[in-house]
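Asks: Okay, here's what each chain looks like letter by letter:
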Amino acid sequence: MKILIYSHDSYGLGHIRRSLSIARQVASDFPSAEQLLLTGSAQAHSFEKPDRLDYVKFPTISKFSAGGYGPRSLPIPFESLMAIREEMIFNTVKHFKADLVLVDKAPAGIRGEMLRSLKFLKSEYPKTKLVLGMRDIEDDALLVREEWKRGGVYPLLEEVYDAIFLYGSRDIYDPVYEYDLSPETCEKVISCGYIGRDTSVRPVEQVRKELNMKTNTLIVVTVGGGGDGLSILSAYLEMLSLLRNHLSFDSLLVTGPLMSQEQRLHLQRYDMKGLPFTLVDFTPDMMSYLNAADLIISMGGYNTFCEILSLNKRAIIVPRVKPRLEQLIRAERFSDLGLVRMLHPDELSPERLWKEVNCEMKGGEPVRPKDVGVDLNGAVNVSRAIGQLVSKNRLPI
Amino acid sequence: MKRIMVYSHDTFGLGNIRRMLSICTNLLDSNPDLLILLVSGSPMIHSFRIPNRLDYIKLPCLRRDEAEGYSARSLDSDINDIDIMRLRSDLILTAAANFKPDLLMVNKKPSGVKNELQGTLDYLKMNLPDTKNILVLRNILDSPAARINVWEKNGYYDAILSFYDHVLDDGCRSLSLIQPDSGAISKITDCVLALLSSSERKLEEAVKERSLCPVPSLNRMSNFTKVTMHSVHQPA
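Sequences listed follow chains A and B, in order. Just so you know, we're using this note's numbering here: the first sequence kicks off at 8 and counts up by one. Just so you know, we're using this note's numbering here: the second sequence kicks off at 207 and counts up by one.
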């Protein structure tokens, strides 16, 4: 069984991490699976890869905060760069002859770079299963509808894709309703649940000892990559300095690898002498620290949510609200389910943060995801669905 | 902006990719008007700092098995009918045809692993005849006799004669030297910049010190092959 995974990866680490979680599961479920990952990520190496998986990296593009894409480190005309990518994808598709192609997130690829390959497969290799992997939430539903109409996504879903894996749950957020999918498309949607994280972590005592804690309570503040996490970390540090003499907990703040040097320096200006807290840029073992926490404060990205829910931790989510509303919608839905507490970034202040922290610390046991219908076995379900789709080819019709 | 494409086949080990990246970094630092697209099969390419104005393409990896044959490193091509060599070859050609380099710099193997570069060299000769092709060699490979055999068997001499404008020696005289010395790197940079500016005078200056950087013109090819073979075993 040959599987080709396309992950465009312009910004952040989310897509490549999700794709590799799935690939690891597939590799362990199907010893005969050969997987090839097509990616624009310069970070593909940072993550552990399963056996029998190789990757092809094409030139990297960046997403600008104003919207739109451009070359990341090779300043040639964007059209030439996209031409290289499109043709590299096509070559790979043509030679690899996959049984199943899994396209992450962008149905047509960035700027339609997958279209030629998808059409080629549909006409020349009709047995190859074409699957779209869809995150639980994309953006504001009306915006998504408009974008998909403009980008010709609807006909792709109806006529080209064989299946749509939803890495979420229709009960929590239903793309069929929100994005107005046709009945034909709706039949292709397979709800796979959230891609939960491996919870094998270092013992809590060990992590806490390493942090040299002065109290018995730990709050971990993480802002993902860190590109836009300054306001949360600043508010938190101010909160600590306001509470200065009444701190009954330790804090670990993780800025993320993408925070600018300027912003890091800004954070160091706070007078935090003698306060029980640790500030780090990055840790490859984030799960162990999250697991050691009594409370997590974070943004609302898909992977962060999956980590928090897999560990079943109390959390205060301050979602990103621009340029996309994805995190806000996700935080609202999960806060409605009682799984997390949401604080809108417009309402973020040291005083308000303390109020929320205080409420959360007094709460009892956190709600269990499975009790409110949140399935975290996404990777297992995706792998099973891949097996079923591919085996259909091999049975007589 | 002048465009350079670099090919480094890279099966295992860090030596090749590290050497090529040192050369690339020096080129980019010496001239703000250069862009580099590096095409590599190295599974280790990520371990290095990637400079600005350079992006890379990673090909599916190969490993070198005992008989000097190459096969797919992670993917099992035999079972599943994946033609990794054709895929790699097409990916390289795609990069060259769309990037349209002013100069192609090839590491060690004139036609690439298992001739995977042949299509690209043919394409450039036909469609982009102004592209300069240069080959960068380490001066230590095997014993001279073995090397001449391998080169003849693989048609390397013919490939150099047909496709390459210049052959540069990266200055590594000893097996224990992983990095070329800074003198050799700056010679290579000088040669590349001279080639890109099509300045005969600069080129002559750049190659004056032949011991570091023999750049035979095509009509001195026969001379070059002997010179290089001999210098392999001359003490540095």
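Source of the hints: derived by calculation from the structure; they are not laboratory data. Watch out, some of these pointers could steer you wrong.
[Unchecked claim] Heads up, simulated DSBU-like pairs for lysine-lysine below, C-alpha to C-alpha not over 30 Å straight-line:
hint	chain 1	residue 1	chain 2	residue 2
1	B	Lys315	B	Lys208
2	B	Lys306	A	Lys104
3	A	Lys56	A	Lys134
4	B	Lys320	A	Lys104
5	B	Lys306	A	Lys70
6	B	Lys359	B	Lys208
7	B	Lys320	A	Lys101
Asks: So, against the hints stated earlier in the document, which numbers end up violated here?
Replies: 6
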